[in-house]
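Visitor: With the hints as constraints, model all of the structure from the sequences given.
Residue numbers (our numbering), protein chains in the order written: chain A, 1 to 226; chain B, 1 to 226; chain C, 1 to 240; chain D, 1 to 240.
Hints in this document: simulated from the structure, not taken from any laboratory. You may find that some hints are simply not true.
[As the list claims (entries may be wrong)] The calculated BS3-like cross-link candidates involving lysine-lysine, where the alpha carbons are at most 30 Å apart (straight line), are:
#, chain 1, residue 1, chain 2, residue 2
1, A, K211, A, K222
2, D, K134, C, K137
3, A, K62, D, K221
4, C, K134, D, K148
5, A, K171, D, K221
[Said to hold, decoys possible] Simulated DEER-style distance windows between Cβ atoms:
#, chain 1, residue 1, chain 2, residue 2, range
6, C, K69, A, P42, 49 to 55 Å
7, D, S8, A, S142, 47 to 53 Å
8, A, K153, D, S8, 50 to 56 Å
9, B, S142, C, Q228, 35 to 41 Å
Just so it is clear, CB atoms sit at the ideal spot from N, CA and C, and this is done for glycine as well.
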Amino acid sequence: MSNFKPLNKKQIAWRAAQDIADGCVVNLGIGIPTFISDYVNPEIEVIYHTENGMLGMGPAPKRGEEDFYLQNASKELVTIVKGGSYFDSALSFTMMRGGHLDIVFLGAFQVSEEGDIANWSIGEKSMVPSVGGAMDLVVGCSDVRVLMQHCTKDNRSRLIKRCTYPLTAKKVVKKIYTDLAVIDVTPHGLLVKELVEGLSFGELQNLTEAKLILDNNCKILKAPAT
Amino acid sequence: MSNFKPLNKKQIAWRAAQDIADGCVVNLGIGIPTFISDYVNPEIEVIYHTENGMLGMGPAPKRGEEDFYLQNASKELVTIVKGGSYFDSALSFTMMRGGHLDIVFLGAFQVSEEGDIANWSIGEKSMVPSVGGAMDLVVGCSDVRVLMQHCTKDNRSRLIKRCTYPLTAKKVVKKIYTDLAVIDVTPHGLLVKELVEGLSFGELQNLTEAKLILDNNCKILKAPAT
Amino acid sequence: MINKCVDSAKNAIKNIKSRDNILIGGFGECGAPLELIDALVDSDIKELTIISNNAGIADRGTSKLLQAKKVKKIICSYPRSLDSYVVDDLYKKELIELEVIPQGTFIERIRAAGAGLGGFYTLVGVGTMMAEGKEIKIIEGEEYIFEKPLKGNVALIKAYKADRWGNLVYKKTARNFNPVMATAADLVIAEVDEIVELGELDPEEIVTPGVFVDRVYKCKKVYDDLLQNVYVKKHQMKNK
Amino acid sequence: MINKCVDSAKNAIKNIKSRDNILIGGFGECGAPLELIDALVDSDIKELTIISNNAGIADRGTSKLLQAKKVKKIICSYPRSLDSYVVDDLYKKELIELEVIPQGTFIERIRAAGAGLGGFYTLVGVGTMMAEGKEIKIIEGEEYIFEKPLKGNVALIKAYKADRWGNLVYKKTARNFNPVMATAADLVIAEVDEIVELGELDPEEIVTPGVFVDRVYKCKKVYDDLLQNVYVKKHQMKNK
Numbered sequence: 001m002s003n004f005k006p007l008n009k010k011q012i013a014w015r016a017a018q019d020i021a022d023g024c025v026v027n028l029g030i031g032i033p034t035f036i037s038d039y040v041n042p043e044i045e046v047i048y049h050t051e052n053g054m055l056g057m058g059p060a061p062k063r064g065e066e067d068f069y070l071q072n073a074s075k076e077l078v079t080i081v082k083g084g085s086y087f088d089s090a091l092s093f094t095m096m097r098g099g100h101l102d103i104v105f106l107g108a109f110q111v112s113e114e115g116d117i118a119n120w121s122i123g124e125k126s127m128v129p130s131v132g133g134a135m136d137l138v139v140g141c142s143d144v145r146v147l148m149q150h151c152t153k154d155n156r157s158r159l160i161k162r163c164t165y166p167l168t169a170k171k172v173v174k175k176i177y178t179d180l181a182v183i184d185v186t187p188h189g190l191l192v193k194e195l196v197e198g199l200s201f202g203e204l205q206n207l208t209e210a211k212l213i214l215d216n217n218c219k220i221l222k223a224p225a226t
Numbered sequence: 001m002s003n004f005k006p007l008n009k010k011q012i013a014w015r016a017a018q019d020i021a022d023g024c025v026v027n028l029g030i031g032i033p034t035f036i037s038d039y040v041n042p043e044i045e046v047i048y049h050t051e052n053g054m055l056g057m058g059p060a061p062k063r064g065e066e067d068f069y070l071q072n073a074s075k076e077l078v079t080i081v082k083g084g085s086y087f088d089s090a091l092s093f094t095m096m097r098g099g100h101l102d103i104v105f106l107g108a109f110q111v112s113e114e115g116d117i118a119n120w121s122i123g124e125k126s127m128v129p130s131v132g133g134a135m136d137l138v139v140g141c142s143d144v145r146v147l148m149q150h151c152t153k154d155n156r157s158r159l160i161k162r163c164t165y166p167l168t169a170k171k172v173v174k175k176i177y178t179d180l181a182v183i184d185v186t187p188h189g190l191l192v193k194e195l196v197e198g199l200s201f202g203e204l205q206n207l208t209e210a211k212l213i214l215d216n217n218c219k220i221l222k223a224p225a226t
Numbered sequence: 001m002i003n004k005c006v007d008s009a010k011n012a013i014k015n016i017k018s019r020d021n022i023l024i025g026g027f028g029e030c031g032a033p034l035e036l037i038d039a040l041v042d043s044d045i046k047e048l049t050i051i052s053n054n055a056g057i058a059d060r061g062t063s064k065l066l067q068a069k070k071v072k073k074i075i076c077s078y079p080r081s082l083d084s085y086v087v088d089d090l091y092k093k094e095l096i097e098l099e100v101i102p103q104g105t106f107i108e109r110i111r112a113a114g115a116g117l118g119g120f121y122t123l124v125g126v127g128t129m130m131a132e133g134k135e136i137k138i139i140e141g142e143e144y145i146f147e148k149p150l151k152g153n154v155a156l157i158k159a160y161k162a163d164r165w166g167n168l169v170y171k172k173t174a175r176n177f178n179p180v181m182a183t184a185a186d187l188v189i190a191e192v193d194e195i196v197e198l199g200e201l202d203p204e205e206i207v208t209p210g211v212f213v214d215r216v217y218k219c220k221k222v223y224d225d226l227l228q229n230v231y232v233k234k235h236q237m238k239n240k
Numbered sequence: 001m002i003n004k005c006v007d008s009a010k011n012a013i014k015n016i017k018s019r020d021n022i023l024i025g026g027f028g029e030c031g032a033p034l035e036l037i038d039a040l041v042d043s044d045i046k047e048l049t050i051i052s053n054n055a056g057i058a059d060r061g062t063s064k065l066l067q068a069k070k071v072k073k074i075i076c077s078y079p080r081s082l083d084s085y086v087v088d089d090l091y092k093k094e095l096i097e098l099e100v101i102p103q104g105t106f107i108e109r110i111r112a113a114g115a116g117l118g119g120f121y122t123l124v125g126v127g128t129m130m131a132e133g134k135e136i137k138i139i140e141g142e143e144y145i146f147e148k149p150l151k152g153n154v155a156l157i158k159a160y161k162a163d164r165w166g167n168l169v170y171k172k173t174a175r176n177f178n179p180v181m182a183t184a185a186d187l188v189i190a191e192v193d194e195i196v197e198l199g200e201l202d203p204e205e206i207v208t209p210g211v212f213v214d215r216v217y218k219c220k221k222v223y224d225d226l227l228q229n230v231y232v233k234k235h236q237m238k239n240k
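Guide: Put into structure tokens, the structure is as follows:
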């Protein structure tokens, strides 16, 4: 196997952050996506939505400025920026389901060749099932992007022909950022747009259960040290 | 025919106003019901809803205090009382359709034996049809009361076996105040609760196409001069 | 930087096309975006479908669009008024297509479009001519009518204050259909009385978060001044 | 005179019965009516169905109801959390019935009940286990799931300020499910931090008009103070 270095989680977030344009309204799911806001170009304005009822979510509060009444959907204390607003859950999910968010970034357990996503349950009967807003987020938004490790800890592919975990939704994922590659979900299949330096397409395909297609213009996936 | 004196329109409104309890939230339709608020006991608090988006509608503004931005559903200038609120149309109709108003008072062209009501159209093809909030008002509220003249100008009964004008809704009217009587719509039929002085039940039935039932405890319908 | 403010009504209505479905806010004239409507009148756009509670009063607002022969169809709840001679005339001459919907169903259908729903069931209209041709479903023993979402290509709405993100607050009963219409069109254009600095609107009082709004146009003349006289005169005539 | 204020949590929950469906507001603890929940714990009411986004954190809030064996069934969207050991344990031992619904569908079903609708169609859950046993309808070529209204006998909600008419305003992200739940129960009880004079709430900023609210209870101890410490400690641990 050749010599390549996978991105770390923050580097995956950094890469995803580079694709956010000025003025975008985004929702960052739990897991790797929570780091994205640290790497967005500070020259642009990005509006963060949190489904418990706020637009314009700001960074974690400074010591002494914490407010119990100001939380995100992970029940963490946050802040609000100038221009932000509060609203009820019905309006919050109107935004999500009605297609009013520009990009949704999510973690996932599995993504299929067709863009099916499984990210809310690993089907363990003994665990109390909890779906939250996962299904609403991916169904309403026309630009759903997944950030995840390419493989599980025991080296099974997360990009697979058919999801084996309970589905979140079918055919919704548009783009995937992993520690090894950037991949577009297209009508023709999974198109590899970027590969980490030193990794060949053949090697990536060997690590991936789903069938991949190499983009003619495939670039090197690089991220600064974080 | 015996000697009796029908109520005038304001007296019909007066009679209806006597049945409003402290704390009631009511909607007053156009026509005779608009006079009701003039006759509500000033010792009690009644909250007026207007479907264009306000609770706590107050009386007409004084000269010099008119505000274009403060209108009722008839597009007349009104005021707002202490404790009033503004909201959008979706919430306004949530109140109406969801059963959150206590009493709806409406005018009508016709009411049937079963409580069907026709109050939005006389079916003239040449007139531009307009339904507004009439149907929503009567469907959502469990206490719909009609105020109307007992007969049309050419002496046809408005209380009929089956409405001939386009229906607003079926089986929704609970009580009817006319210039001649107060009538409850019951599962057994139209029960006459009050009759104007000097009018016999037989005479009322002669003026009425719908079948009436005399309440054992029928009272005299009286109203102060207005 | 996000800046949704545009400098003219003409620029505000850019990209509206002939045959578009246009949601227009306002209960009568109260909360109607009159300068945006004027800009449509002055454009060469035509064959519009107007989705609005009313259909114009006297020769103002939507009546102008009708007079200028811009409108193919109106979907509304209450087109008639004492002064609705423009729509009355077109209707009698069968020069306009008219779809009349109960007001609550009207706004709920628009909300369903904005909220990404496929439709809903309502009791309103059951047993009346409003149910004709509609699917019926028995739910818990009661008869309901199926109603579809009603979406606009464009929404022209009116608010009181805005900031450059498109956050909006409304004024009194001029709120009405505007906040819901703001959720239910591909292109949402707000005419406002005032534009304030970002951060000046209290996050608790914002009714329409900017995410729903594409363009903000500050009107040339606050119509409160214009229409106040008309309404006050009518009011004083009636209440004297 | 209208006066919806009650003097104790015990009086606030009067008339709630065993086997009632209880809507409870709050996203986690933020916006949950904790003193009303405590009053339920202290009552002899049982076999409740709780309809709430979450199912209690640590041994606080809804967890207490579960520990006191008051709850037969929970309808929610996200019962699990790091500290949800009470519900976790009951679920594993099959001592509680659990119905999990996507969060947007959850609140939309509650809204449908409040708005007098018979149900709606959504794309959310199509092709997943959430669609199992549900009616499917093809609308404009797409597959939708039918969802029914979800109504409470009672709603326990939390707001910031109230007046004696029951008008409510909320505080920051503690608004969440509360305004919609306020529309969807036969008996609506609001726990608030402050009661103000009628007329002090700006008619433009009232989120829940009093028509939806039956009782207002001013909490003994504003829980901001109580929980602030817990959350700040957790926050500072994570961000140090």
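Visitor: Each of the hints needs a verdict: does it hold here or not?
Guide: Hint by hint, here is what the structure shows:
For the hint linking K211 of chain A to K222 of chain A, the alpha-carbon distance of about 23 Å falls within 30 Å, and the restraint holds. Restraint check for K134 of chain D and K137 of chain C: the C-alpha separation of about 15 Å stays at or below 30 Å, so the hint holds. A hinted pair counts as satisfied when its Cα atoms are at most 30 Å apart, and K62 of chain A with K221 of chain D qualifies at roughly 26 Å. A hinted pair counts as satisfied when its Cα atoms are at most 30 Å apart, and K134 of chain C with K148 of chain D qualifies at roughly 20 Å.
Between K171 of chain A and K221 of chain D the CA atoms are separated by roughly 49 Å; this puts the pair beyond 30 Å, and the hint is violated. For K69 of chain C paired with P42 of chain A, a C-beta distance near 52 Å keeps the hint of 49 to 55 Å intact. At about 51 Å, the CB distance of S8 of chain D to S142 of chain A agrees with the hint of 47 to 53 Å. The hint said 50 to 56 Å for the Cβ distance between K153 of chain A and S8 of chain D, and at roughly 54 Å that hint holds.
The hint said 35 to 41 Å for the Cβ distance between S142 of chain B and Q228 of chain C, and at roughly 39 Å that hint holds.
In this structure, only the earlier hint numbered 5 is contradicted, and the remaining ones agree with it.
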